[in-house]
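Generate coordinates for the entire structure from the input sequences, incorporating the hints supplied.
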Amino acid sequence: MKRRGPVEILFLNPTRRVEVISLFEPSLQRYGSKVNVACYEPFDPTMIMAENSVVVKLEWDADTLKHICRDWHIDLIIPYLDVDVGRLFPLTADLESSGTRVAMGSHPNTIVSLSKIATDKALREIGIPSPDQFRPESIKFPAVVKPDRGSGAVGVRKVTNDAEVLAAVKCTEEPMIQEWIEGTEYTVDAFCCSGEIMVAVPRKRLKVRGEVVIAQVTRHPRIVELCRTICEWFHFEGCVNIQFLEDHKGNLFCIDINPRISGGLPITIKAGVDIPAALLDYFLIGTVPQFDDSRIQWDLIGSRWLVTECFLHGDRYADTSLLNSYSPSSQKRAYDQHN
Numbered sequence: 001m002k003r004r005g006p007v008e009i010l011f012l013n014p015t016r017r018v019e020v021i022s023l024f025e026p027s028l029q030r031y032g033s034k035v036n037v038a039c040y041e042p043f044d045p046t047m048i049m050a051e052n053s054v055v056v057k058l059e060w061d062a063d064t065l066k067h068i069c070r071d072w073h074i075d076l077i078i079p080y081l082d083v084d085v086g087r088l089f090p091l092t093a094d095l096e097s098s099g100t101r102v103a104m105g106s107h108p109n110t111i112v113s114l115s116k117i118a119t120d121k122a123l124r125e126i127g128i129p130s131p132d133q134f135r136p137e138s139i140k141f142p143a144v145v146k147p148d149r150g151s152g153a154v155g156v157r158k159v160t161n162d163a164e165v166l167a168a169v170k171c172t173e174e175p176m177i178q179e180w181i182e183g184t185e186y187t188v189d190a191f192c193c194s195g196e197i198m199v200a201v202p203r204k205r206l207k208v209r210g211e212v213v214i215a216q217v218t219r220h221p222r223i224v225e226l227c228r229t230i231c232e233w234f235h236f237e238g239c240v241n242i243q244f245l246e247d248h249k250g251n252l253f254c255i256d257i258n259p260r261i262s263g264g265l266p267i268t269i270k271a272g273v274d275i276p277a278a279l280l281d282y283f284l285i286g287t288v289p290q291f292d293d294s295r296i297q298w299d300l301i302g303s304r305w306l307v308t309e310c311f312l313h314g315d316r317y318a319d320t321s322l323l324n325s326y327s328p329s330s331q332k333r334a335y336d337q338h339n
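Residue numbers for the sequence shown follow the working numbering, so the first one is 1 and each next one is one higher.
Note that these hints are calculated values from the structure, not bench results. Among the hints, erroneous ones may be present.
What the hints assert, rightly or not - Label-pair restraints from in silico Cβ distances:
id, residue 1, residue 2, range
1, E182, I301, 21 to 29 Å
2, H107, D132, 38 to 46 Å
3, P108, R222, 24 to 32 Å
4, P6, S106, 35 to 43 Å
What the hints assert, rightly or not - In silico lysine-lysine, DSS-like type, Cα no more than 25 Å apart, as pairs:
id, residue 1, residue 2
5, K140, K249
6, K34, K66
7, K158, K121
8, K207, K249
9, K270, K34
10, K158, K249
11, K121, K57
12, K140, K158
13, K270, K249
14, K170, K204
15, K249, K204
16, K158, K170
17, K270, K207
18, K170, K249
19, K158, K204
20, K207, K158
21, K170, K140
Predicted model only: the values in this text are computed from it and were never measured. The beta-carbon is built from N, C-alpha and C at its ideal position, and this holds for glycine as well.
Below, the structure written as structure tokens:
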């Protein structure tokens with residue numbers, strides 16, 4: 001493990017999560033790290049706060065990422081998108097041999113969580129309740145159609161009849177059809193070490209628009225116990241977000257798992273859980289974090305709001321040539337234009 005000292009962190013596709021990065025800054029300063037961002041969106045607001053930033057293709061290739069890590073001397077990559085977690089998974093050993101760690105686990109069970117269909121199967125095998133799955137010919141309405149791989153509720157559709165099912169399935173890649181359950185939504189921010197939960201903070205979702213907008217930090221021991229079983233089987237490392245529904249009878253159902261930082265993480269951090277420090281200390285120097293539940297501000301309500309960032313024409317963020325596709329040989333040109 002590295003000793004504490006100047007290091008460099010790469011935020012990979014943070015996509016608008018300016019607040020999350022700002023909450024990392026005190027810990028980044030402790031390590032002497034700058035904010036480095038690689039993002040597929042040329043005008044992403046996270047680039048305003050980055051000292052180094054570059055536009056990459058959404059489906060970046062391994063050579064491009066290695067080029068960035070080598071040029072910027074990256075010690076740790078923090079991914080934000082499910083697709084990046086999946087793409088990084090087979091590269092972790094190769095990257096680590098070059099001096100770059102990835103803030104995620106490398107156990108084979110971890111990658112299962114990126115598939116909703118495979119996740120549902122795994123949950124049933126370990127005794128975790130999840131909504132019933134339906135075949136198109138035997139659906140009980142209402143139901144919900146989801147893409148097998150996706151996040152932020154993108155592509156998720158509630159259906160109430162056969163015609164809606166047909167339309168939803170036609171425009172959904174690898175659809176999964178599940179029962180629709182009315183109830184209260186919870187999302188849990190957890191931090192794990194080798195599958196063991198170090199801290200788990202449930203949040204009741206009071207208002208959701210894809211990602212959570214308003215949520216309340218809530219004690220829910222039954223949910224936390226389910227999370228312990230889930231994280232142990234998937235062998236998660238670092239941040240994981242697990243979502244549940246509680247129906248009107250008090251039954252709990254796991255509805256989604258994301259092995260990465262969640263969009264609502266600022267609420268958990270502001271409730272007193274220093275996830276940024278835990279993540280950097282664990283992946284950079286191997287320190288297993290210790291959390292004190294008594295210091296968490298239970299019942300805290302967080303309400304997220306939007307801020308507009310503007311890009312002046314002609315500045316380094318507004319170069320539309322960055323929209324072009326890059327090969328490893330042309331990536332240096334992007335660095336030169338950006339820095």
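When you take the CB atoms of P108 and R222, is the distance between them in 24 to 32 Å? holds (29 Å)
Holds or violated: K170 with K204, Cα cutoff 25 Å? violated (33 Å)
Check whether the Cα positions of K158 and K170 lie no farther apart than 25 Å. Status holds; Cα separation ~14 Å.
K140 and K249 were given as a pair; does the straight-line alpha-carbon distance stay at or below 25 Å? Holds, because 19 Å separates the two Cα atoms, which is no more than 25 Å.
Between the alpha carbons of K170 and K140, is the straight-line distance 25 Å or under? Distance ~19 Å between K170 and K140 Cα, so the pair holds.
Quickly compare the C-alpha distance for K121 and K57 to 25 Å and report which way the hint goes. Given pair K121, K57 is violated - Cα atoms ~32 Å apart, limit 25 Å.
25 Å Cα cutoff - pair K34, K66: holds (18 Å)
Check whether the Cα positions of K140 and K158 lie no farther apart than 25 Å. holds (12 Å)
K207 paired with K249 [C-alpha distance capped at 25 Å]: holds (21 Å)
Is 38 to 46 Å respected by the C-beta to C-beta distance linking H107 and D132? The hinted range 38 to 46 Å is violated for H107 and D132, with Cβ atoms some 28 Å apart.
Against the 25 Å threshold, does the CA-CA distance of K158 and K121 hold or violate the hint? Answer holds: K158 to K121 is near 22 Å, not above 25 Å.
Hint consistency between K170 and K249 [alpha-carbon to alpha-carbon, up to 25 Å]: violated (34 Å)
Hints 2, 4, 11, 13, 14 and 18, counting from the list given before, are not met by this structure.
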